[in-house]
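Dock chain B against the given chain A, drawing on the hints supplied.
For the record, the sequence lines run as chains A and B. Per our numbering: the first sequence = residues 789 to 944. Per our numbering: the second sequence = residues 3 to 118.
Read the hints as simulated data drawn from the structure, not as lab findings. Possibly wrong hints are sitting among the right ones.
Computed Cβ-Cβ distance ranges for the label pairs, DEER-style [said to hold, decoys possible]:
| id | chain 1 | residue 1 | chain 2 | residue 2 | range |
| --- | --- | --- | --- | --- | --- |
| 1 | A | 839 | B | 37 | 58 to 64 Å |
| 2 | B | 55 | A | 901 | 22 to 28 Å |
| 3 | A | 840 | B | 67 | 55 to 61 Å |
| 4 | A | 849 | B | 73 | 52 to 58 Å |
| 5 | B | 37 | A | 883 | 43 to 49 Å |
| 6 | B | 96 | A | 816 | 21 to 27 Å |
| 7 | A | 838 | B | 104 | 26 to 32 Å |
| 8 | B | 52 | A | 898 | 58 to 64 Å |
| 9 | A | 901 | B | 109 | 36 to 42 Å |
| 10 | A | 816 | B | 97 | 16 to 22 Å |
As the structure is a prediction and not an experimental result, all values here were calculated from the model. Think of the CB as a built atom: it goes at the ideal place given N, C-alpha and C, for glycine as much as any other residue.
The lines below spell out each chain.
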Amino acid sequence: MPTEQSELTIERFINASPAAVWKAWSTPEHLAKWWIPAPIECQVVKLDLRPGGGFETRMREGEGEFQPHVDGSFLEIVPEVRLVWTTVLTEGWRPAEPWLALTAIIALEAQERGTRYSARVLHKNAADSRKHEEMGFYDGWGTVIDQLAVFAERLK
Amino acid sequence: MENYQSSVDAAFHALADPTRRAIVSRLTKGPLPVKELAEPFDMGLPSFMKHLRILEKDGLISSEKVGRVRTCRMNTERLAVAESWLSEQRKLWRARTDRLADYVETQMSRTIEDAN
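Only chain A is shown next, with the shape it has when bound in the complex (with noise of 0.2 Å):
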């Protein structure tokens, strides 16, 4: 599958420092606060920012228990400039079979008056987004998506 279909990249420009910016990403108060859209309320349980760090974060739905949202781990980290984590490796670098595997990097870039934020996310591939037990597939998906890539355009 050609990995265009398979990652995304978001920029946009914050008004704001680097510094500023990271701030709100490495710290716990902070990401809590933007991490998961309300209402839904995000936990921060592990923001270990190293190579192998832990990094996980929780949510819930009103009073209920906080169920599991993000569980990876840093792969690196410059601060004010870069950070970097999948969700295919847990704290210490421990293999994990998580629901979606991917890996973020996202980039701080100083600009004159902010910062140019971008966030290039690599999945698998476009058709791991189901649970790990159905993953016995990824042979010949490829030719089906893009039967149906060509179909969906049939249909505009």
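Below, chain B alone, put in the same frame as chain A:
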């Protein structure tokens, strides 16, 4: 989000089998009667029907019986769900990035100012 996730799961579950992928693949070219649809597959009709029922239950195809002929067709809406999974991920990250920007630009700076 959760409804979306479960419909995606259902779509991918339906496509988790080579026979069912082949069925979907054939139907993208247009509706077909069951008998004709089953022809290239090396299996008995009962087994084949089982696959059709899974695809139909998970909403990827629908079928209609006219007289003695049952015709299968793609359910295009559900297909779009499977096809647009990445664009949904993109939306999620776009929203997350906007929340971060909003937080840093307004609430967090206010907190810093308050502290000063």
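Now the hints, each set against the structure:
1. In this structure the hint that residue 839 (chain A) and residue 37 (chain B) lie 58 to 64 Å apart at CB holds, the actual value being about 59 Å.
2. Under the hint 22 to 28 Å, the C-beta atoms of residue 55 (chain B) and residue 901 (chain A), about 60 Å apart, miss the expected range.
3. In this structure the supplied range 55 to 61 Å holds for residue 840 (chain A) paired with residue 67 (chain B), their Cβ-Cβ distance being about 59 Å.
4. The given range of 52 to 58 Å is broken by residue 849 (chain A) and residue 73 (chain B), whose C-beta atoms sit roughly 43 Å from each other.
5. Here the CB-CB span from residue 37 (chain B) to residue 883 (chain A) is close to 48 Å, well matched to the stated 43 to 49 Å.
6. Range check, residue 96 (chain B) to residue 816 (chain A): about 24 Å between beta-carbon atoms, so the 21 to 27 Å window is met.
7. The hint said 26 to 32 Å for the Cβ distance between residue 838 (chain A) and residue 104 (chain B), and at roughly 28 Å that hint holds.
8. Restraint check, residue 52 (chain B) to residue 898 (chain A): a C-beta distance of roughly 60 Å satisfies the suggested window 58 to 64 Å.
9. Range check, residue 901 (chain A) to residue 109 (chain B): about 19 Å between beta-carbon atoms, so the 36 to 42 Å window is missed.
10. Judged by the Cβ atoms, the range 16 to 22 Å given for residue 816 (chain A) and residue 97 (chain B) holds: they are separated by roughly 21 Å.
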